[in-house]
Amino acid sequence: DTAVSQTPKYLVTQMGNDKSIKCEQNLGHDTMYWYKQDSKKFLKIMFSYNNKELIINETVPNRFSPKSPDKAHLNLHINSLELGDSAVYFCASSQTEQETQYFGPGTRLLVL
Amino acid sequence: GIQVEQSPPDLILQEGANSTLRCNFSDSVNNLQWFHQNPWGQLINLFYIPSGTKQNGRLSATTVATERYSLLYISSSQTTDSGVYFCAVGVNDYKLSFGAGTTVTVRA
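Residue numbers (the numbering used here), protein chains in the order written: chain A, 1 to 112; chain B, 1001 to 1108.
Hints may be right or wrong, so weigh each one.
What the hints assert, rightly or not - A few chain B positions that, by computed beta-carbon distances, are all more than 12 Å from chain A:
1. PRO1008
2. ILE1012
3. ALA1017
4. ASN1018
5. ASP1027
6. GLY1052
7. LEU1059
8. SER1060
9. GLU1067
10. THR1080
Unchecked claim - Some chain A residues close to chain B (C-beta under 8 Å, calculated; not the full set):
11. TYR10
12. LYS41
13. ILE45
14. SER48
15. GLU97
16. GLN101
Since the hints were derived computationally from the structure, they do not count as laboratory data.
None of these values were measured; they are calculated from a predicted model.
Where is the CB? At the ideal position from N, CA and C, for every residue including glycine.
Input sequences plus hints: build the corresponding full structure.
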């Protein structure tokens, strides 16, 4: 029944490693997003996708590579993890860019 | 980009009290949403309200787009209302800009 799900919920890893976060929505929405929430709880958009096409890349380092295999999924792969990548990553979806956004539970990433 | 300012940054309430949270933004928008992040980190959408007034139970929101602000009202607050309230705005551009949030603590 979960509308927007993410896996894993927690991720603890060493600097330099590569990791992926998966996101799935069962709402039939066309638009999906990745957000980063830092330690001060500030939320910032990273990527927006519409119908599997990248629309927004908000000056994110190219170590971050999103992939949308279909409209229901948006995954995030991170190469060469750095300490500053530690944060909570949220996936979200909406029917269009002008409508209510629904957020997943978040993935808490800690880079040691 | 659009600047979003929320006030107050922190609010402590006694259970049963009413409160008003404010969101000011620096440019015209056609997308404005209010979210509640509970103490467990879950982000819940409260309102999609680019203009006008909406009510949902004890919560209501008003956006005056021409004056570039929105207000979120919490009436008869409960401890479950604790958390961070975020205002986010956008302009047809597939991205929401979030304010820094208002942290609300409701004491029993």
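Here is what the structure says about each hint:
The claim that PRO1008(B) lies off the interface holds: its Cβ sits roughly 15 Å from the closest Cβ of chain A, which is beyond the 12 Å cut-off. Every Cβ of chain A is farther than 12 Å from the Cβ of ILE1012(B); the closest lies at roughly 17 Å, confirming the non-interface assignment. A cut-off of 12 Å between C-beta atoms confirms that ALA1017(B) is not in contact with chain A; the least separation is 23 Å. Every Cβ of chain A is farther than 12 Å from the Cβ of ASN1018(B); the closest lies at roughly 24 Å, confirming the non-interface assignment.
Every CB of chain A lies more than 12 Å from the CB of ASP1027(B), the least distance being 16 Å, so the non-interface label holds. With a cut of 12 Å on Cβ distances, GLY1052(B) stays outside the contact zone with chain A, its closest approach being about 15 Å. In this structure LEU1059(B) is separated from chain A by more than 12 Å, as the shortest Cβ-Cβ distance comes to about 15 Å. The beta carbon of SER1060(B) sits about 17 Å from the closest Cβ of chain A, which is more than 12 Å, so the claim that it is off the interface holds.
Every C-beta of chain A lies more than 12 Å from that of GLU1067(B), the closest at about 21 Å, which supports listing it as non-interface. Every CB of chain A lies more than 12 Å from the CB of THR1080(B), the least distance being 18 Å, so the non-interface label holds. Annotation: interface hint on TYR10(A) violated; nearest CB of chain B at approximately 11 Å, more than 8 Å. The interface hint given for LYS41(A) is met, as the beta carbon of that residue sits about 6 Å from the closest beta carbon of chain B, less than 8 Å.
Of the supplied interface hints, the one on ILE45(A) holds, with its beta-carbon coming within about 4 Å of a beta-carbon of chain B, less than 8 Å. Hint on SER48(A) holds. Least Cβ distance to chain B is approximately 4 Å, under the 8 Å limit. For GLU97(A), the interface hint holds, since its Cβ comes within 8 Å of a Cβ in chain B; the closest pair sits about 4 Å apart. Restraint check, GLN101(A) versus chain B: the minimum CB separation of about 6 Å is within 8 Å; hint holds.
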